[in-house]
Amino acid sequence: MPPHPYPYSEPRMFLQQLVNGVTLGSTYSLIAIGFTLVLGLLNMLNIAHGDIFMFGAFLGLSLAMLGIPLYLALILAMLGAGILAIIIERLCFRPLRKAHFLMPLLSTIAFGILLQNVATQIWGSEPSRYPQTTEVAQFQLGPVLVSSIDILIVAISIFLMLGIDQFVRRTRFGRAMRATSEKAQTASLLGVDINRVIIFTFFTSGALAGVAGVLTALVYLQITPFIGIRQGLIGMVAMVIGGVGNLRGAMIGGLMIGIIEVMNDAYFTASYRDIILFGLFLIFIVFKPEGLFGKKEP
Amino acid sequence: MRRRKSITITLFVFVLAYVLAIHPVPVAQALEGPEIKIGVAVCITGHGANVGKREAIGAQAAVDVINAQGGVNGVPLKLYIEDTASNPQEAVNAVRKLAGDHKVLGIVGPHYSSVGETTFPLGNQLRIIQIAVASSKPGLAAANRPYAFRNTLTEDKIAGAVVREFKKRYGIQKVAIITDIKDAVSRSVGTKVLPPAFKGQGIEVMTGDKPVTYQTNDTQFRAQITKLKAMNPDGVGMGALGPDALNIITEARRQGMKQPFMSTAPIMEGEVPELGGKAVLGTFSGTIWHLSMVTPASKKFVEAYKNRAKTMYTSKYTETPDYYPVNAYDAVFMIVEGIKAMCVSNSAGDLQMDRDKLMYYMAALRDFNGVASRGFNCVGDGVKDVHVFEIKGGHWVPIKK
Amino acid sequence: MSVYTQGVVALMGINILMALSVYAIIMTDQVSLGNAGFMAIGAYTSAYLTVKMGMPIFPALIIGALTSSVIGLLIGIPLLRLEGLYFVMGTFGFGEVVRTFFMNFEPTGGAYGFRGPVGATLPMIYGFVLVLILFFWLLGHSRLGRSLDALRDDHEVARTIGLNVTVLKLGLFWLGSFIAGIAGGLYAHYMFYIESGNFHILVSAMAILYVILGGMYTFWGAVLGAVIFSILPEALRFMEDWRLSLYGAVLVLMMIFRPSGIISRQIVRNTEDWIGGIFRKASA
Chain Z
177 MPPHPYPYSE PRMFLQQLVN GVTLGSTYSL IAIGFTLVLG LLNMLNIAHG DIFMFGAFLG
237 LSLAMLGIPL YLALILAMLG AGILAIIIER LCFRPLRKAH FLMPLLSTIA FGILLQNVAT
297 QIWGSEPSRY PQTTEVAQFQ LGPVLVSSID ILIVAISIFL MLGIDQFVRR TRFGRAMRAT
357 SEKAQTASLL GVDINRVIIF TFFTSGALAG VAGVLTALVY LQITPFIGIR QGLIGMVAMV
417 IGGVGNLRGA MIGGLMIGII EVMNDAYFTA SYRDIILFGL FLIFIVFKPE GLFGKKEP
Chain B
79 MRRRKSITIT LFVFVLAYVL AIHPVPVAQA LEGPEIKIGV AVCITGHGAN VGKREAIGAQ
139 AAVDVINAQG GVNGVPLKLY IEDTASNPQE AVNAVRKLAG DHKVLGIVGP HYSSVGETTF
199 PLGNQLRIIQ IAVASSKPGL AAANRPYAFR NTLTEDKIAG AVVREFKKRY GIQKVAIITD
259 IKDAVSRSVG TKVLPPAFKG QGIEVMTGDK PVTYQTNDTQ FRAQITKLKA MNPDGVGMGA
319 LGPDALNIIT EARRQGMKQP FMSTAPIMEG EVPELGGKAV LGTFSGTIWH LSMVTPASKK
379 FVEAYKNRAK TMYTSKYTET PDYYPVNAYD AVFMIVEGIK AMCVSNSAGD LQMDRDKLMY
439 YMAALRDFNG VASRGFNCVG DGVKDVHVFE IKGGHWVPIK K
Chain E
26 MSVYTQGVVA LMGINILMAL SVYAIIMTDQ VSLGNAGFMA IGAYTSAYLT VKMGMPIFPA
86 LIIGALTSSV IGLLIGIPLL RLEGLYFVMG TFGFGEVVRT FFMNFEPTGG AYGFRGPVGA
146 TLPMIYGFVL VLILFFWLLG HSRLGRSLDA LRDDHEVART IGLNVTVLKL GLFWLGSFIA
206 GIAGGLYAHY MFYIESGNFH ILVSAMAILY VILGGMYTFW GAVLGAVIFS ILPEALRFME
266 DWRLSLYGAV LVLMMIFRPS GIISRQIVRN TEDWIGGIFR KASA
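Heads up: the sequence lines are chains Z, B and E, in that order. Under my numbering, think of the first position of the first sequence as 177, with each following residue one higher. Under my numbering, think of the first position of the second sequence as 79, with each following residue one higher. Under my numbering, think of the first position of the third sequence as 26, with each following residue one higher.
In isolation and in its complexed conformation, chain Z is listed as follows (with noise of 0.2 angstroms):
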């Protein structure tokens, strides 16, 4: 069918910002599920989570900088996040436990910042870019125009968030990570060690967060120190309206906020943006805490 003609009709605008924000979602959804499984496997949420997708983002682009390929930065900048987020556990939850339950979340608060500082020392406070060609392969796809990073992102997304969900439903350590987010101590009298079922969901966590940083450095072409704090909350957002503790939920939240964002800058403007997202999360956490796809908790 031949491309058609400007300017724009309707649908074809329409399915074009549907593409653009499934791109986007995937992103997010790679955030929301790092924080669900934190937060179902502890009930506590790690605000700097955020900060390590921008740490993932860093360190590819540094590692590319170097000269290493892409595909293998991004698998370096995967393992550095995962293991930023095993010092955070071991900073800032691990030695709390004991303590009020919000301690770990303003501790992550108070590493966020110092992650933050840092990531401006070391790499400066005006936005950066990676190098890379601007000219990327372009498929007409019907009425939509798709680029060969949309496909590497989604598709990246899609097998990451596949393969933690059938690796926590079918392998034995999955069902220990359950069994500990249902109910720590009965776990360890089963005989699950603990420590080591949360060193673990950290690393992931970590690791798809970084993943999700270096896909968007990639293709969405700009990177600050200061891109966690926003990303984060978006996950945050993602998740609760997915449902918490709910690896689905999460998929598809992310999905959903990429869709509604991008929907209401093609068709109101980019200042009501946060407050419907926002605003959104407001209104499900009081009416439907449990997101769409959650259980009802107690």
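Any given hint might turn out to be false.
Only pairs whose alpha carbons sit at most 30 angstroms apart, straight line, appear in this in silico DSSO-like list of lysine-lysine [unchecked claim]:
id	chain 1	residue 1	chain 2	residue 2
1	B	LYS270	E	LYS306
2	E	LYS77	B	LYS288
3	E	LYS77	B	LYS260
To list a few chain Z residues with every Cβ distance to chain E over 10 angstroms, as calculated [said to hold, decoys possible]:
id	residue
4	LEU239
5	VAL322
6	ILE461
7	PHE463
Read the hints as simulated data drawn from the structure, not as lab findings. The structure presented is a predicted model; accordingly, all values stated were derived computationally and were not measured. The beta carbon of each residue, even a glycine, is placed where N, CA and C say it ideally should be.
Since the structure of chain Z is already known, use the hints to place chains B and E on it.
Here is chains B and E on its own, set in the frame of chain Z:
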């Protein structure tokens, strides 16, 4: 014989008196030592860390040049730098520390209009001048007479010049505008500055009063470009910062748009020509100073800056100057000129009078000969020349007028 | 007092008020991550009243705080049904909604901010601080205060001994939002200018940190925490560009090594016993 001598002496005295009256012998003013203190309040941490450090280096470079020439009438300058952390509360403390503890004569800074909004009224309360190095929010200095000055050029003056050249080159009849709605300067450029600048040149603004919008440092611009493309304008005006502009144009080329883009000074930072490649060729902008300028004053500044950057806040983000440190450099020279012209005494008992003298000097400064500064206008905003540039061959190249 | 010290002390006073606003809510074992939102409402309302309607500052501050506390009541009713982390997330959501609302609300400047409020002086700020310190001291030593202690330890037990848990929670949430509204009004009239970006989540989070690091079992902890952590970034100025990194690190370390806060429950009891001892000796 004696009569001739007395006539000669009398003539001599008269001639001498005449000469002295027409050309008064300059009396070196007595400046008290041991040092002349100038304050700098910029962001060393936070969002503006990179640019704040450059501004501090620019100010210090000026001090280096002046002290190398013996200071001011033999008294050296000393710079006191306090961090504003890109944040109004910290900035207020920084200004208080400079004025109250360090007892500086005047302050170079701040950076950011949102910081100036709180430090300018404070400066009026404390009666000390601030010469901001970056702040384009319209009306900010005007609302804070008499001690607030901004050594920056408001974007409307730059926009007018750029739009004129843009229309001339590309024959623009209708234009669409895309703007940042979070960053106050970009938002103001996109919504308040560009539309009248275009209309003033008889260009239709297709987006009316509803420009295409995004937020600073957004990670993608798909939706926005799709919208712009659908309107099919002759050219696109942007209210944007450099890195965002780069991404906007790149995405536009990706989606097949061929129209030229233009904006004002902020997009000349962020290495748009170097990183944008083919996509950004032919983009127009304008500014008050650029590294490619070759006047003697400009070269002296660059040399002094690069020297100082080797030992102060050394990093790859500070080694090359942009126009912000120029504003700081010129501001220091302005203060020094003020000290000389107003006979500032620099003695502790005269601190308030000295500060007030500098304020009067700045308020009347119209013909300053700085690297990129001419003085201030009646509302305290900077007066500078505008240079229009286009992107050609990976660089910003000035347009011959 | 030098001009600089005055400035640090003034902002410290506002931080003390924010810490107390969080403390009021913590007294019922709930933690609000949204007090910056109430601060914003108080700030914008009082600023609008003084700048656009010529009202004198003191009534404007009170009306601003009342506005924010009424909204606090309205949002508190649905939120207080939530427990623990969900309550925290709910308050956080509220705070963000308020911030983004003011970013778009044109009558108070929208993204351009609101210029003009003046008149908050050091004596005014500390007037409010002292009144509130007195209030919390009296509250702590009253029967209501002991009920709140019981409530904090265990909601169920509190209910069984006849306390109306819901009314208490709502009442203290109202109080917390009122105090935050006062803090916001003072902030606006001290800083000469406000914009939505001044009321982001970090402000709420720092207020909670002051309380918890100072010691959350007594209002003195909130005061002490606010004092110490207002002075700390200033004291670290010599660190130049590593200042804020060090600040974050100090906070993390403090939480690891003294998670119960500086003033623990035991210290409060010991101090009260000691003070009681002095009075007894004096009257003997």
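Within 30 angstroms, alpha carbon to alpha carbon, are E:LYS77 and B:LYS260?
-> 25 angstroms, holds
Are B:LYS270 and E:LYS306 close enough, with their CA atoms no more than 30 angstroms apart?
-> 73 angstroms, violated
Take a quick look at whether E:LYS77 and B:LYS288 sit within 30 angstroms of each other, Cα to Cα.
-> 28 angstroms, holds
Exclusion check [Z:VAL322 not at the chain E interface, CB over 10 angstroms] | 32 angstroms, holds
Beyond 10 angstroms from every chain E Cβ - status for Z:ILE461 = 4 angstroms, violated
Take a quick look at Z:PHE463 and tell me if its Cβ sits farther than 10 angstroms from every Cβ on chain E, holds or violated.
-> Non-interface label on Z:PHE463 violated, nearest chain E Cβ at 8 angstroms vs cutoff 10 angstroms.
Z:LEU239 remote from chain E - nearest C-beta pair above 10 angstroms | The assertion about Z:LEU239 holds, with a minimum of 23 angstroms to chain E.
Against the hints set out earlier in the document, violations occur for numbers 1, 6, 7.
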